[in-house]
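There are 2 protein chains.
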Amino acid sequence: MAEGNDYVNELTDQEDNFSRWYTDVVRKAKLADYTPVRGSMVIRPYGYALWENMQALLDRRFKETGHVNAYFPLLVPESLLQKEAEHVEGFAPEVAWVTHAGQNKLEERYCIRPTSEAIIGDIYSKWIDSWRDLPVLINQWANVMRWEKVTRLFLRTAEFLWQEGHTVHATEAEAEEETLKMLGVYQDFIETELAVPVWAGRKTEKEKFAGALRTYSVEALMRDGKALQAGTSHNLGQHFAKVFDITFQDRDGVRKHAWQTSWGVSTRLIGALIMAHGDDNGLMLPPNVAPIQVVVVPIWRKEEDKAAVLEMVDQVVGLLRPVCRIQADTDDNNTPGWKYNEYEMKGVPLRLEIGPRDVQNQSVVLVRRLDRKKEFVPVAEIAARVPELLKEVQQALFQRALDFREQNTHAVKTWAEFTEIFPLREVGQEAPEGSKRGFVWANWCGETSCEQAVQDTTKATIRCMPQDRPAPDGPCVRCGGEGKERVLFAKAY
Amino acid sequence: MAEGNDYVNELTDQEDNFSRWYTDVVRKAKLADYTPVRGSMVIRPYGYALWENMQALLDRRFKETGHVNAYFPLLVPESLLQKEAEHVEGFAPEVAWVTHAGQNKLEERYCIRPTSEAIIGDIYSKWIDSWRDLPVLINQWANVMRWEKVTRLFLRTAEFLWQEGHTVHATEAEAEEETLKMLGVYQDFIETELAVPVWAGRKTEKEKFAGALRTYSVEALMRDGKALQAGTSHNLGQHFAKVFDITFQDRDGVRKHAWQTSWGVSTRLIGALIMAHGDDNGLMLPPNVAPIQVVVVPIWRKEEDKAAVLEMVDQVVGLLRPVCRIQADTDDNNTPGWKYNEYEMKGVPLRLEIGPRDVQNQSVVLVRRLDRKKEFVPVAEIAARVPELLKEVQQALFQRALDFREQNTHAVKTWAEFTEIFPLREVGQEAPEGSKRGFVWANWCGETSCEQAVQDTTKATIRCMPQDRPAPDGPCVRCGGEGKERVLFAKAY
Numbered sequence: 000m001a002e003g004n005d006y007v008n009e010l011t012d013q014e015d016n017f018s019r020w021y022t023d024v025v026r027k028a029k030l031a032d033y034t035p036v037r038g039s040m041v042i043r044p045y046g047y048a049l050w051e052n053m054q055a056l057l058d059r060r061f062k063e064t065g066h067v068n069a070y071f072p073l074l075v076p077e078s079l080l081q082k083e084a085e086h087v088e089g090f091a092p093e094v095a096w097v098t099h100a101g102q103n104k105l106e107e108r109y110c111i112r113p114t115s116e117a118i119i120g121d122i123y124s125k126w127i128d129s130w131r132d133l134p135v136l137i138n139q140w141a142n143v144m145r146w147e148k149v150t151r152l153f154l155r156t157a158e159f160l161w162q163e164g165h166t167v168h169a170t171e172a173e174a175e176e177e178t179l180k181m182l183g184v185y186q187d188f189i190e191t192e193l194a195v196p197v198w199a200g201r202k203t204e205k206e207k208f209a210g211a212l213r214t215y216s217v218e219a220l221m222r223d224g225k226a227l228q229a230g231t232s233h234n235l236g237q238h239f240a241k242v243f244d245i246t247f248q249d250r251d252g253v254r255k256h257a258w259q260t261s262w263g264v265s266t267r268l269i270g271a272l273i274m275a276h277g278d279d280n281g282l283m284l285p286p287n288v289a290p291i292q293v294v295v296v297p298i299w300r301k302e303e304d305k306a307a308v309l310e311m312v313d314q315v316v317g318l319l320r321p322v323c324r325i326q327a328d329t330d331d332n333n334t335p336g337w338k339y340n341e342y343e344m345k346g347v348p349l350r351l352e353i354g355p356r357d358v359q360n361q362s363v364v365l366v367r368r369l370d371r372k373k374e375f376v377p378v379a380e381i382a383a384r385v386p387e388l389l390k391e392v393q394q395a396l397f398q399r400a401l402d403f404r405e406q407n408t409h410a411v412k413t414w415a416e417f418t419e420i421f422p423l424r425e426v427g428q429e430a431p432e433g434s435k436r437g438f439v440w441a442n443w444c445g446e447t448s449c450e451q452a453v454q455d456t457t458k459a460t461i462r463c464m465p466q467d468r469p470a471p472d473g474p475c476v477r478c479g480g481e482g483k484e485r486v487l488f489a490k491a492y
Numbered sequence: 000m001a002e003g004n005d006y007v008n009e010l011t012d013q014e015d016n017f018s019r020w021y022t023d024v025v026r027k028a029k030l031a032d033y034t035p036v037r038g039s040m041v042i043r044p045y046g047y048a049l050w051e052n053m054q055a056l057l058d059r060r061f062k063e064t065g066h067v068n069a070y071f072p073l074l075v076p077e078s079l080l081q082k083e084a085e086h087v088e089g090f091a092p093e094v095a096w097v098t099h100a101g102q103n104k105l106e107e108r109y110c111i112r113p114t115s116e117a118i119i120g121d122i123y124s125k126w127i128d129s130w131r132d133l134p135v136l137i138n139q140w141a142n143v144m145r146w147e148k149v150t151r152l153f154l155r156t157a158e159f160l161w162q163e164g165h166t167v168h169a170t171e172a173e174a175e176e177e178t179l180k181m182l183g184v185y186q187d188f189i190e191t192e193l194a195v196p197v198w199a200g201r202k203t204e205k206e207k208f209a210g211a212l213r214t215y216s217v218e219a220l221m222r223d224g225k226a227l228q229a230g231t232s233h234n235l236g237q238h239f240a241k242v243f244d245i246t247f248q249d250r251d252g253v254r255k256h257a258w259q260t261s262w263g264v265s266t267r268l269i270g271a272l273i274m275a276h277g278d279d280n281g282l283m284l285p286p287n288v289a290p291i292q293v294v295v296v297p298i299w300r301k302e303e304d305k306a307a308v309l310e311m312v313d314q315v316v317g318l319l320r321p322v323c324r325i326q327a328d329t330d331d332n333n334t335p336g337w338k339y340n341e342y343e344m345k346g347v348p349l350r351l352e353i354g355p356r357d358v359q360n361q362s363v364v365l366v367r368r369l370d371r372k373k374e375f376v377p378v379a380e381i382a383a384r385v386p387e388l389l390k391e392v393q394q395a396l397f398q399r400a401l402d403f404r405e406q407n408t409h410a411v412k413t414w415a416e417f418t419e420i421f422p423l424r425e426v427g428q429e430a431p432e433g434s435k436r437g438f439v440w441a442n443w444c445g446e447t448s449c450e451q452a453v454q455d456t457t458k459a460t461i462r463c464m465p466q467d468r469p470a471p472d473g474p475c476v477r478c479g480g481e482g483k484e485r486v487l488f489a490k491a492y
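Top line first, the protein sequences correspond to chains A and S. So for the first sequence, numbering that gives the first Met the number 0 puts the first residue at 0; every next one is plus one. So for the second sequence, numbering that gives the first Met the number 0 puts the first residue at 0; every next one is plus one.
Hints listed in this document are in silico derivations from the structure and should not be mistaken for laboratory results. Think of the CB as a built atom: it goes at the ideal place given N, C-alpha and C, for glycine as much as any other residue. Keep in mind that a hint or two might mislead.
Partial chain S-side listing against chain A, Cβ under 7 Å, derived [what the hints assert, rightly or not]:
1. Thr64
2. Val87
3. Glu93
4. Val97
One side of the interface only, derived from the structure: several residues of chain S facing chain A at Cβ under 8 Å [claimed, not checked]:
5. Pro35
6. Pro44
7. Pro92
8. Gln102
9. Val149
10. Trp161
11. Gly200
12. Val316
13. Ala470
14. Gly473
Work the whole structure out from these sequences, hints included.
Given below as structure tokens:
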């Protein structure tokens with residue numbers, strides 16, 4: 000709040016240093032900030048309002064697909080975390096341990112949940128007894144903690160907010176259906192509401208969730224050409240059911256282990272949003288989730304114009320409040336130019352300007368954040384025009400991101416082509432400015448060793464194997480062995 | 000889910016053992032349950048749906064009074080918690096300490112927030128610089144942890160969910176105005192939506208929040224005659240501003256310490272709801288927050304009637320879904336009688352019965368949970384009648400609770416009268432069945448020593464000093480010294 004008037008100009012350009020641009024934007028737009036707790040952020044009101052809008056749109060989708068919310072404990076007893084071998088191996092190195100309460104040392108340590116499969120598995124084992132109790136379709140909105148070494152606001156923080164769905168089914172087929180259904184919910188939410196196109200597909204064995212049978216993810220492309228995993232959906236098989244003894248009496252009278260899924264998205268999605276749409280002027284928020292969809296900026300030079308302009312501001316706000324999230328900035332201390340910069344930084348999709356001439360003409364100027372395209376709209380038409388324009392902007396943002404992804408997706412056949420896009424690390428090569436980058440379709444032999452070799456030499460990883468992927472059309476890009484899958488590579492966050 | 004058919008009959012009567020009745024109801028209605036984490040509960044979907052409804056109605060009130068939401072870190076560095084002396088003394092004995100991350104011992108311990116004044120105070124000190132930055136009106140919805148020795152579902156658990164408002168103001172008067180405004184918001188919410196009448200007033204010095212200048216609370220009466228503190232609002236004065244260095248440049252150019260407030264309600268409110276309205280058949284939920292407002296129970300004996308009854312169920316649900324939260328229970332495995340018990344246990348305000356005769360008459364039977372009062376309503380009128388009836392039930396529940404409170408509020412002048420209601424502990428006396436109990440108005444000298452003596456001998460405490468309390472009309476009920484305040488005593492949760 001103490002920043003100077005021209006702080007917007009101090010924003011780093013994306014081309015100069017994308018990572019610094021990102022942190023600058025998060026802080027200058029007041030989405031989030033650092034705290035004295037190592038690796039933990041504070042989500043400021045503007046960022047949290049964005050999250051609330053995202054939550055509402057996601058939660059509605061969860062409920063429409065038959066899910067209900069619940070709340071499970073923050074702490075997980077160490078003995079429960081250790082039950083599933085892969086799970087504990089995956090998470091134990093990065094959990095925070097509670098060892099004392101007040102002055103007393105605890106008999107057993109608890110970790111702060113890094114995810115809740117273990118505690119929920121134990122609780123479900125007590126709730127489930129018969130096929131009549133299935134399916135269990137529960138989601139929780141919660142905070143989780145993973146003590147990451149390197150953190151970045153929204154993208155990777157020690158504590159973050161997320162939702163985690165945990166479902167239980169009678170058959171493997173139902174569990175797989177649920178896993179894919181929720182993957183589809185994520186894709187629909189991210190593409191429709193966040194205007195970010197994603198690839199939805201299966202993760203490789205190497206990249207799957209610790210303890211899962213199969214993991215699926217949605218993968219988005221950021222404007223620096225790096226991919227970001229935006230959500231995951233896991234078919235847990237019977238792994239947790241077996242160690243937590245989640246069994247049910249089936250219709251045939253036989254007691255069986257249940258089948259489970261889990262799926263989650265987090266405040267990381269805010270990072271995805273920022274990096275998929277933002278530009279050198281700041282954020283660019285999709286109207287469907289923007290806390291402020293329209294900002295009204297009054298303009299006057301002569302004091303005698305002020306009253307009439309402000310009166311029209313009130314009138315316009317009154318007309319538009321029922322149809323959009325609107326805010327008028329009538330603060331005398333800042334110039335209109337300062338406000339233009341401020342709300343561009345904050346990514347507000349539409350700016351509505353009202354000056355003395357607009358009062359005379361009974362029309363307003365609407366300016367799109369996306370491309371600063373202006374239009375003059377009579378006051379009588381704004382309540383109809385603004386919602387249309389918001390829809391147009393939402394659509395245009397998605398199209399822009401899709402175009403960007405298409406321009407930055409390539410199919411390669413050979414290792415030479417592959418390393419032209421993802422230069423070999425050992426030679427310290429960097430991709431030239433404006434070079435190919437982004438997603439790369441390539442054939443793969445299916446071996447983890449090849450996948451690992453690609454990562455070690457180029458930092459590129461297999462992001463996912465989309466459901467509707469093409470068949471392999473040649474040998475493995477790395478080893479030259481038989482190509483068994485056509486997969487999507489990228490460097491990733 | 001594995002309970003037998005007649006489990007409802009096994010509910011303990013309130014008169015026999017209120018505390019056991021309470022726990023029975025919470026578990027049988029599937030609001031919450033125990034977990035393997037000491038003192039932590041799981042809030043089950045039905046209980047969480049209730050909490051979501053309460054959250055929505057509260058959040059709307061916070062936003063209408065100008066507040067925004069944000070999210071602050073879960074962990075509080077030990078050095079920050081220790082800055083405010085009274086605060087650390089109040090909370091340090093009951094906090095959970097995080098000492099390790101993965102394999103590594105942390106340089107500084109963190110506690111899991113028992114409340115967030117300390118971490119928020121530190122963060123606010125960085126955000127606030129000028130009078131232009133004030134007021135700061137932020138709320139957060141969060142989990143907190145206090146390692147209580149004795150726990151009870153919803154009422155006192157190690158972890159609980161709550162909201163905590165943290166505001167900053169330029170003057171003492173503004174802070175006091177905010178403190179009282181939010182106390183009023185709580186009173187309005189609890190009385191209007193939860194149908195529970197409360198006394199709103201100031202806490203004594205002894206009972207105030209650790210670190211506050213003044214604490215106010217809302218106090219409700221449970222059906223066993225004990226009071227429950229349902230929410231608190233604190234004027235923090237400059238206590239935290241001084242230790243966390245929250246200063247601002249005022250309009251007069253002078254740098255000053257800011258004035259703060261904090262206020263909160265928690266999932267404890269669910270406990271209040273249960274104990275203020277429930278009866279020997281289970282929960283009784285106010286329609287405004289009930290997850291299911293109307294349950295439809297189809298009734299048929301002959302198989303040939305089934306199709307017509309179910310068709311009418313569909314029709315009725317279609318008519319009512321737009322005007323209320325409705326659910327039809329068409330499960331063949333349970334009898335109508337079992338369902339009556341089940342939804343009475345769950346406190347669903349209205350039951351709608353449809354049998355073959357109702358199909359013929361094109362009318363339905365509506366039964367109020369409150370008093371089982373029945374009415375026959377033509378199908379053509381239900382979409383108008385049901386919302387009316389829900390309003391009537393909401394109002395009747397409030398009136399019933401208010402009547403109960405009035406019957407159980409007494410004014411006393413002497414210690415003899417006082418101890419007739421709150422028998423002396425040392426003689427092991429128990430109040431006879433049906434005796435006076437509840438709130439007691441009495442005069443008090445204002446001395447903490449007297450307040451403590453009353454508590455030690457009778458367990459009764461001063462709940463609050465309501466804003467519109469009568470003037471003292473006699474000597475202190477305990478010591479006989481000058482009566483300086485007329486206050487409300489009760490035994491409390």
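Item to complete: Return the numbers of the hints above that this structure violates; sort them in rising order.
Response: 1, 2, 9, 10, 11, 12, 13, 14
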